[in-house]
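S.K.: In the order they appear, the protein sequences are chains A and B.
Here the working numbering is used: the first sequence runs in plain steps of one and ends on residue 296.
Here the working numbering is used: the second sequence runs in plain steps of one and ends on residue 749.
None of these hints come from the bench; they were simulated from the model.
Incorrect hints may have been included.
[Unchecked claim] Below, computed lysine-lysine pairings styled on DSS-like, alpha-carbon distance capped at 25 Å:
| hint | chain 1 | residue 1 | chain 2 | residue 2 |
| --- | --- | --- | --- | --- |
| 1 | A | Lys262 | B | Lys377 |
| 2 | A | Lys247 | B | Lys362 |
| 3 | B | Lys362 | A | Lys262 |
Nothing here was measured: the structure is a model prediction, and the numbers come from that model.
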Amino acid sequence: MSTETKKKLVLHTSDNETFEIEEAVVLQSQAIKHMVEDECADNAIPLPNVTSKTLSKVIEYCKKHAEDSGEEALKAWDADFIKFDTDTLYDVIMAANYLNIKSLLDLTCQRVADMCKGKTPEEIRRTFNIKNDFSPEEEEAVRRENQWAFE
Amino acid sequence: MESMGSINETLRDDELRAVLGKLDSQRDKEVFGLVCKRWLHLQSTERRRLSARAGPHMLRKLAARFSRLHELDLSQSLSRSFYPGVTDSDLSVIANGFKSLRLLSLQNCKGVTDAGIIAIGSGLSSLQSLDVSYCRKLTDKGLSAVAQGCSGLRALHLAGCRFITDVLLHALSLNCHSLRHLGLQGCTNISDSGLADLVNGCHQIEFLDMNKCSNIGDIGVSSVSKACSSSLKTLKLLDCYKVGDESIISLAKFCQNLETLIIGGCRDISDASVKLLASSCKSSLKNLRMDWCLNITDTCLSCILVECRNLEALDIGCCEEVSDAAFQGLNGGEVELTLTLKVLKVSNCPKISVAGIAMVLEKCEMLEYLDVRSCPQITKAGCDEAGLQFPQSCKVNFTGSLREPDVLL
Numbered sequence: 146m147s148t149e150t151k152k153k154l155v156l157h158t159s160d161n162e163t164f165e166i167e168e169a170v171v172l173q174s175q176a177i178k179h180m181v182e183d184e185c186a187d188n189a190i191p192l193p194n195v196t197s198k199t200l201s202k203v204i205e206y207c208k209k210h211a212e213d214s215g216e217e218a219l220k221a222w223d224a225d226f227i228k229f230d231t232d233t234l235y236d237v238i239m240a241a242n243y244l245n246i247k248s249l250l251d252l253t254c255q256r257v258a259d260m261c262k263g264k265t266p267e268e269i270r271r272t273f274n275i276k277n278d279f280s281p282e283e284e285e286a287v288r289r290e291n292q293w294a295f296e
Numbered sequence: 341m342e343s344m345g346s347i348n349e350t351l352r353d354d355e356l357r358a359v360l361g362k363l364d365s366q367r368d369k370e371v372f373g374l375v376c377k378r379w380l381h382l383q384s385t386e387r388r389r390l391s392a393r394a395g396p397h398m399l400r401k402l403a404a405r406f407s408r409l410h411e412l413d414l415s416q417s418l419s420r421s422f423y424p425g426v427t428d429s430d431l432s433v434i435a436n437g438f439k440s441l442r443l444l445s446l447q448n449c450k451g452v453t454d455a456g457i458i459a460i461g462s463g464l465s466s467l468q469s470l471d472v473s474y475c476r477k478l479t480d481k482g483l484s485a486v487a488q489g490c491s492g493l494r495a496l497h498l499a500g501c502r503f504i505t506d507v508l509l510h511a512l513s514l515n516c517h518s519l520r521h522l523g524l525q526g527c528t529n530i531s532d533s534g535l536a537d538l539v540n541g542c543h544q545i546e547f548l549d550m551n552k553c554s555n556i557g558d559i560g561v562s563s564v565s566k567a568c569s570s571s572l573k574t575l576k577l578l579d580c581y582k583v584g585d586e587s588i589i590s591l592a593k594f595c596q597n598l599e600t601l602i603i604g605g606c607r608d609i610s611d612a613s614v615k616l617l618a619s620s621c622k623s624s625l626k627n628l629r630m631d632w633c634l635n636i637t638d639t640c641l642s643c644i645l646v647e648c649r650n651l652e653a654l655d656i657g658c659c660e661e662v663s664d665a666a667f668q669g670l671n672g673g674e675v676e677l678t679l680t681l682k683v684l685k686v687s688n689c690p691k692i693s694v695a696g697i698a699m700v701l702e703k704c705e706m707l708e709y710l711d712v713r714s715c716p717q718i719t720k721a722g723c724d725e726a727g728l729q730f731p732q733s734c735k736v737n738f739t740g741s742l743r744e745p746d747v748l749l
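Can you build the whole structure from these sequences, using the hints too?
M.R.: Right, dumping it as structure tokens:
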């Protein structure tokens with residue numbers, strides 16, 4: 146077992162923090178992978194859209210998924226990992242989209258979708274703090290249209 | 341209470357669409373659309389397919405909401421129809437409102453006339469598939485407008501549109517070179533020269549239904565087989581009594597990808613041509629209907645069963661000359677001969693007996709449906725007495741009470 150020094154990449158967040166992470170972990174981000182391939186990644190990679198709080202969550206995910214722990218174990222870990230508050234959830238979704246990490250984007254969007262399933266529109270509005278901008282007539286019109294249009 | 345950020349202020353459209361994409365049930369998607377106007381817009385524009393029962397007012401609203409629709413199904417049926425049904429003014433709304441439409445089904449919308457179809461032709465240039473089966477008022481005039489306006493047309497279904505003539509086939513030949521599926525069942529005015537004209541421009545036809553097009557004969561079929569030799573997979577010629585051996589020989593010569601052939605009622609067809617076909621299409625042929633082909637004998641049937649290794653459905657009803665001897669060839673020689681046959685129809689074959697059926701059953705482990713109606717030598721009692729073992733999921737029709745499988749229609 147050789148202890149070769151693995152290449153590390155430096156990531157620079159919007160709130161001026163730097164993270165030094167192993168290349169193999171970070172390359173799960175297609176966006177960063179392209180930067181490395183295009184040789185724009187010698188100095189720190191700037192991430193103006195991602196805060197340090199969010200990036201640490203993303204890196205936690207990428208580190209776990211870079212290991213070879215087996216599908217079942219990984220699924221169980223994901224289910225536990227995803228239990229953050231909605232604000233953090235939105236931030237991780239946007240970061241996963243920005244950094245182009247498909248599996249993380251799928252996981253987080255699935256979480257939001259699961260929070261919508263089986264609920265009424267009002268319950269969903271309360272969960273996600275959404276203002277209802279339908280008038281009662283407009284809402285009724287949409288419901289009627291849904292009756293005419295089916296799969 | 342902590343102040344929670346709003347999802348609508350944080351996530352962008354493509355992220356919300358990703359969430360919508362994770363909802364599976366139609367109900368959940370509808371609820372998503374009822375949350376707020378932004379979510380309604382995302383849900384509506386994501387929708388690609390719609391079936392509707394709607395008059396012009398509701399259609400206008402649906403067009404405004406589901407603006408990126410690709411498929412619209414307004415087909416009627418005996419159980420699902422309403423007064424006054426789809427009208428020409430509805431078609432104007434559709435032509436103006438659903439600009440991305442690729443597939444439109446108007447099956448059984450009997451109120452539709454040329455005026456409405458002309459609007460479809462001028463408005464929906466991306467249309468690839470149109471089903472106007474049983475829209476009986478339509479003529480060449482309306483449908484030629486579709487041919488001219490929708491040059492990317494790939495599928496056109498006109499069953500029961502009996503006013504259609506060779507004029508439409510000419511229009512298709514000029515404009516719709518991507519045509520792959522054409523349904524002309526019951527279009528009795530179609531002739532051989534129209535067919536020859538059609539395949540002059542349309543070389544990629546895969547599916548051609550000319551059931552009951554009684555004017556079609558060998559010249560027409562031969563022109564199709566030559567022009568569409570590599571693409572033709574399904575050819576239906578039910579009751580086209582002018583079709584004879586020359587057509588079958590032509591198909592054998594040119595169309596080695598043929599999977600489904602319906603020549604029921606083509607009384608002049610005889611052994612020699614069918615044997616050639618069996619040999620030529622031995623790996624491709626899956627469905628063969630030749631009921632009422634009175635000249636077919638045991639040697640031909642035996643040849644089909646032995647050569648066509650992928651045959652799944654066979655109808656030789658009313659082929660009076662066929663007897664048990666046809667099945668004897670299955671037991672001689674090759675050890676490995678198991679047939680893939682799922683549907684076998686031998687109704688009205690007086691010379692086939694329980695012994696013949698026994699030979700079939702020995703080789704057909706996958707049989708799902710067996711039709712032995714009006715076979716004087718085959719009765720339920722007779723089969724039970726002989727101890728015949730039918731495969732577990734096989735339905736046997738002795739007296740005509742079972743629902744028939746669609747595959748050979």
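S.K.: Check each numbered hint against the structure and report the violated ones by number, ascending.
M.R.: Hint check: nothing fails, all pass.
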